[in-house]
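Sequence order for the protein chains is A and B.
Start counting the first sequence at -3; every next residue gets the next number (our numbering).
Start counting the second sequence at 7; every next residue gets the next number (our numbering).
Simulated from the structure, these hints should not be mistaken for lab results.
Don't take each hint at face value.
Claimed, not checked - Part of the chain B face toward chain A, derived, beta carbon under 10 Å:
#, residue
1, D15
2, F22
3, R27
4, W28
5, V33
6, A36
7, I38
8, A40
9, H182
10, N184
11, S187
12, I207
13, A249
14, N251
Unchecked claim - Okay, the calculated beta carbon distance ranges per label pair:
#, chain 1, residue 1, chain 2, residue 2, range
15, B, P267, A, W362, 46 to 52 Å
16, A, V454, B, D15, 15 to 21 Å
17, B, E20, A, L139, 51 to 57 Å
18, A, S361, B, R262, 46 to 52 Å
19, A, R315, B, A36, 35 to 41 Å
20, A, V154, B, E20, 34 to 40 Å
21, A, A425, B, A199, 29 to 35 Å
22, A, S361, B, A36, 38 to 44 Å
Stated by the list, open to error - Derived list of chain A stretches under chain B, where covered just means 3 residues or more per stretch with a C-beta under 8 Å from a C-beta of chain B:
#, stretch
23, 206 to 213
24, 225 to 237
25, 476 to 484
Nothing here was measured: the structure is a model prediction, and the numbers come from that model.
Using N, Cα and C, we set each Cβ at its ideal position, and we do this for glycine too.
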Amino acid sequence: MKGLVARGASGIIALAVPARGRPTFIDPASSALQGEPVLFNSLSFLVFFSIVFPVFVFLRGWGAKKTFLLAASYVFYAAWNPAYVGILAFSTVVDWWLARQLGKEDRPDRRKALLVVSLVVNLGMLGFFKYGAFALANVQGMLAAVGVLYAPPAWDIVLPVGISFYTFASLSYTIDVYRREIRGDASLRDYALFVAFFPHLVAGPIVRARALLPQLATPRRPSVEQVAYGLTLVLIGLFCKDVFADRLFAPVVDAVYGTPRAFGVVGGLAAFFGFAAQIYFDFGGYSLCAIGLAMCFGFAFPDNFRFPYGARGFSDFWRRWHISLSTWLRDYLYIPLGGNRGGEWRTCRNLVITMLLGGLWHGASWMFVIWGGLHGLYLIGERMLRRRWRGGSSTALDAAGTVVTFVLVCVAWVAFRAPSLESAGAFLATFGRWRDGFATEWFALVAALSMFAWQWRVRDSSLDALLAGRGQVARTAVATACLVGIFLASGGDERAFIYFQF
Amino acid sequence: MRSSISNSDIHLTERFIPGGRWLLPLVVAAAIAALAVAGEEFLLAKRGFVPAIVDSPAIWARERARVDRLGGDALVLIGASHMQLDIDLDAMRRLTGKEPVQLAIDGTSFVPILADLADDERVTGTILVDYQDHVIEERDRSDGAAASLGAWDRIRQSGGIPDFATTEALLGDVLHRNMRSFADGASPWDSLALRVFDERITPQYLVTLPDRTRLADYRKVTMPQFYYARVLRNAGFRDVPSAANWSDFDAIVASRIRSLPPLDLKHFAGNAAAIATSVRKIEARGGRVVFIMFPRSGLVREADERMYPRALYWDRFLRIVQAPGLNYTDVPALAAFVCPDGAHLDMREQRPFTEALVHALPILRQNSGRPVGRVASAPTEADQEQVR
Chain A
-3 MKGLVARGAS
7 GIIALAVPAR
17 GRPTFIDPAS
27 SALQGEPVLF
37 NSLSFLVFFS
47 IVFPVFVFLR
57 GWGAKKTFLL
67 AASYVFYAAW
77 NPAYVGILAF
87 STVVDWWLAR
97 QLGKEDRPDR
107 RKALLVVSLV
117 VNLGMLGFFK
127 YGAFALANVQ
137 GMLAAVGVLY
147 APPAWDIVLP
157 VGISFYTFAS
167 LSYTIDVYRR
177 EIRGDASLRD
187 YALFVAFFPH
197 LVAGPIVRAR
207 ALLPQLATPR
217 RPSVEQVAYG
227 LTLVLIGLFC
237 KDVFADRLFA
247 PVVDAVYGTP
257 RAFGVVGGLA
267 AFFGFAAQIY
277 FDFGGYSLCA
287 IGLAMCFGFA
297 FPDNFRFPYG
307 ARGFSDFWRR
317 WHISLSTWLR
327 DYLYIPLGGN
337 RGGEWRTCRN
347 LVITMLLGGL
357 WHGASWMFVI
367 WGGLHGLYLI
377 GERMLRRRWR
387 GGSSTALDAA
397 GTVVTFVLVC
407 VAWVAFRAPS
417 LESAGAFLAT
427 FGRWRDGFAT
437 EWFALVAALS
447 MFAWQWRVRD
457 SSLDALLAGR
467 GQVARTAVAT
477 ACLVGIFLAS
487 GGDERAFIYF
497 QF
Chain B
7 MRSSISNSDI
17 HLTERFIPGG
27 RWLLPLVVAA
37 AIAALAVAGE
47 EFLLAKRGFV
57 PAIVDSPAIW
67 ARERARVDRL
77 GGDALVLIGA
87 SHMQLDIDLD
97 AMRRLTGKEP
107 VQLAIDGTSF
117 VPILADLADD
127 ERVTGTILVD
137 YQDHVIEERD
147 RSDGAAASLG
157 AWDRIRQSGG
167 IPDFATTEAL
177 LGDVLHRNMR
187 SFADGASPWD
197 SLALRVFDER
207 ITPQYLVTLP
217 DRTRLADYRK
227 VTMPQFYYAR
237 VLRNAGFRDV
247 PSAANWSDFD
257 AIVASRIRSL
267 PPLDLKHFAG
277 NAAAIATSVR
287 KIEARGGRVV
297 FIMFPRSGLV
307 READERMYPR
317 ALYWDRFLRI
327 VQAPGLNYTD
337 VPALAAFVCP
347 DGAHLDMREQ
357 RPFTEALVHA
367 LPILRQNSGR
377 PVGRVASAPT
387 EADQEQVR
C-alpha cells in the first residue's frame, strides 16, 4: 500500500539503491535470542586471542599451559551460551570414561556394549538437539497423510553450536580405541582439551584423536617464525571470509535467492557460481584460520580444503572438499558399511547411504538430504563411467571432466542453498529469462569463474607450496593486502560463518 | 609434492611450514596497513567527518535495561526517527526532572516496544510515543524492533553475565566512537569509495550520539533534492516527475499530492484497541503514556494530512486508546517549527523544540503531580463497532 513504508531519517539514501532482500544464514531474531558464537573475524576474538596467546607463552610448565588452554576454550564456548557448556562437559566426560573402560576391557561383548553406549549417547544428543523438531514435523506430516491429526509439542530446544563437530571428533576417539588403533589412556585434561580446543571447537576441522592427543602429550614449542606463519594463515583466512565470501559474493547470492523473480540469466548464473565461491571462501577461510591459530600454539591441524573446484571427478572432489568430514564418513561409516567390498550393488548402496547421511549432518532439512543424494548419484555415475570407459586419457578429456564436475557440484549447491524445492525451482527459472545484470552481478560471475580457473591451474599444489615459492616482498604484499582488505571490509553487515549452523 | 601430501593427512602431527622469514613481512605489513588506516582517517577528518556510534540492538538493549533500573524516574521515548531527531535529552532532563531514555528506533513501529514495556512490571515511568498513523495499521510489524527486543531478552536472561554479542557491541562502540571510517555505520570501504575518492562526496549530515539521540545537519545536504526525495517517498510516489525547473517540479508534485485519496486502514480501530490494552497495563502500575504527533512541513505535511485525515485517524485513535495526546498542529509554538526535509528538525532546532514541547505538556513539567489526563471524548459507536 502506498504510504505504508518504514520511514527513517537516514532511509533517504536508500532511494538510489534497488530494494532487494538479503536473507542471512542465521536468522537475526533467533540468533539474537540464543546468542552468537565468538567469530574469528570479531573484535571480541581479537581481544580474546590477545590475552590467551601471551599468557600461554609466558606460563611455565606444559601442564599449566594445557590447563589454561582448556579453561580459555570453555570461556570461548560459554561466550555463546553459558548453559550449554554443561553439554560439552558431559559429552567429554562420558566418552573419556567409556574409552578408558574400552582400553582396559578384553571381553568382546563388553567392548561392543561400551562402544554402543558411546554411540547412543553421542548420536542421541546430536539427534535430540539437531533433529528433534525435524523428526516431529515429519511424523506429523506422515500421520496427516493417513488422516491422523497430531499436533506435536513446541520444540523450543536451542541447537548447541558446534555439536556436530565436537560429537564427531569425540566419536573418533571411542571408535579408534575400540578398534585398538589408539590406547584409551589419555588424561581427562588432555582429552577435554582435544574436544574443546577453541580453534576447531565450533566449526571444525574435525580433528582426530589419533592426531591431536599425541601432540598434547608432548610439550609444543612453536618458533617465532611458526607463529608468524600461523598468523599469516589467519589473515588469509579472514580475507577470504570478509572480502570474498561476505562482500563480493554474499550480497549477489542473497539477493538472487531471496527474490529470484527479479533476476534473469545473468543474476542467476552469478548466484549459481557465486554460491560455490562464497561457501568455499567462507568455510575454507574459517578452516585456514583454525589451522593458523592452532599453529600459533604449536599444534598441527590437517588441511580441510585442497582446491576442490579443480577436481577431476567427484571422488576427487571429496578428497579435496571438507576433507576432515569426508574422511570421517569414509573411515567410520562407508568402510564399516562394507565400503567397495561385496559387489557393485552393495558399493552403490553404501555410497548413497554415506552421502545421504553426510547431507543430513549439515542440517535438519530435506534439502540437505537432496544435496547429499545428488552427490551419491554423482559418485555412482562416475564409478559406472570409469568401469565402462575404454578410451585413454587426454587433455581435452581431463578438461571436460573438470568442467562437468564443477558445474554438477554447483547444481548440487542449489539444493544446499535454497530453503525449499519451490525456492530452488524459482531460482533455476532465472536461467530461462534474459535480463541484463547489474555490474555487481557481472563482477561476481567473472570473479567466481576466475576462482574456478585459478583452482584448476593450481590443483596439484597446495597453499603452503604456493607461499613457499614466494620471497619476502611478495609475502609482505600478501599480508598487507589481507590486513587492508580485512579493515576495509569490516563493519556494516556482519555475517556468521555458514558452517556454524551445522 | 611434499607439502600437499603431508598437510592433507588427516592423522598428521606435524605440519610442513614454508621456510624463510615470516615475522619480518608480517611486521612490515602491519606497519603499512596502520599507515593506510591512518591515511584514510586523516583524509576523512580533512573532509569534515567525525566519529559517531552505530545504533545497534545491543546499544538499544543497554538503554532498555536503564528503564527497569530507573523505575518511576524514567521518561521513556519510543517511536521512530522523529523522536530521535527532534528531542534534546539534556533539555528534557533539565525541564522535567526525569531521566530520559531514548528507545526510539529509526524506521520502525513503536507497537512491539510499547507491548514489551507494558509486560514489564518494573516499568513505572512516563512513556512518550512518537505517533504515526500508518504504524497503527501494521500492529504485528516487528522488523527493526525484533532484533533490539531479542538483544534485550538475551541480556535479561543472562543475568548480567556478558556474552559474545554484548562484548562485541561494547568493543564496536569504542571503535566507532574513535574512528571516522565507521561514521554513520559505513564500512571503511564505503568511506574510502564514497567519501575519500568520490568528488561528489556524500556529506555526513547525521550523527548518532552515545545516548542514541541523532543530530541532523541539513545545511550539509543538497537542497531541494533531499527535500523532494523525502516528499516522494512519504507520498509513495515511485516515479520522479520531469520538470524544467524546481518551481515546476514543486507544482507537479503538489498537484499529485492534492489528488491523493485518504487511505483506508482497515485494521486501525482494532489495532488501536489492542494498543489501549498496553496503555492500561502501564497506567495500572502508576505509569503514563502520552502520544505525540511530531511536526511535518511543506508537501510532506500536506501528503500526510491527505492520506491520513486527522478526524479519521489521530482523533479516533485518542478516543479509542483513551490516553493523553498532543498534536503539533494544536500548538502554534510547535507548528511554527520548520522541518528542512519535511519530516525532521535540524539539530539547531532540537533544544527550542524540546522546550516548547515540555511547555505544551504540563504533565511533563518538573514536580507536576497532576493525574494522568484522558481525552474528553469517548469512543463513538462506530469506533466500538469496528473494534468488535
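Each hint tested on the structure:
no.: 1; hint: D15; in the structure: holds (6 Å)
no.: 2; hint: F22; in the structure: holds (6 Å)
no.: 3; hint: R27; in the structure: holds (6 Å)
no.: 4; hint: W28; in the structure: holds (4 Å)
no.: 5; hint: V33; in the structure: holds (8 Å)
no.: 6; hint: A36; in the structure: holds (7 Å)
no.: 7; hint: I38; in the structure: holds (5 Å)
no.: 8; hint: A40; in the structure: holds (9 Å)
no.: 9; hint: H182; in the structure: holds (8 Å)
no.: 10; hint: N184; in the structure: violated (13 Å)
no.: 11; hint: S187; in the structure: holds (8 Å)
no.: 12; hint: I207; in the structure: violated (13 Å)
no.: 13; hint: A249; in the structure: violated (18 Å)
no.: 14; hint: N251; in the structure: violated (21 Å)
no.: 15; hint: P267(B) <-> W362(A): 46 to 52 Å; in the structure: holds (47 Å)
no.: 16; hint: V454(A) <-> D15(B): 15 to 21 Å; in the structure: holds (20 Å)
no.: 17; hint: E20(B) <-> L139(A): 51 to 57 Å; in the structure: holds (55 Å)
no.: 18; hint: S361(A) <-> R262(B): 46 to 52 Å; in the structure: holds (48 Å)
no.: 19; hint: R315(A) <-> A36(B): 35 to 41 Å; in the structure: holds (36 Å)
no.: 20; hint: V154(A) <-> E20(B): 34 to 40 Å; in the structure: holds (38 Å)
no.: 21; hint: A425(A) <-> A199(B): 29 to 35 Å; in the structure: holds (34 Å)
no.: 22; hint: S361(A) <-> A36(B): 38 to 44 Å; in the structure: holds (43 Å)
no.: 23; hint: 206 to 213; in the structure: holds (count 4)
no.: 24; hint: 225 to 237; in the structure: holds (count 3)
no.: 25; hint: 476 to 484; in the structure: holds (count 6)
Hints 10, 12, 13 and 14, counting from the list given before, are not met by this structure.
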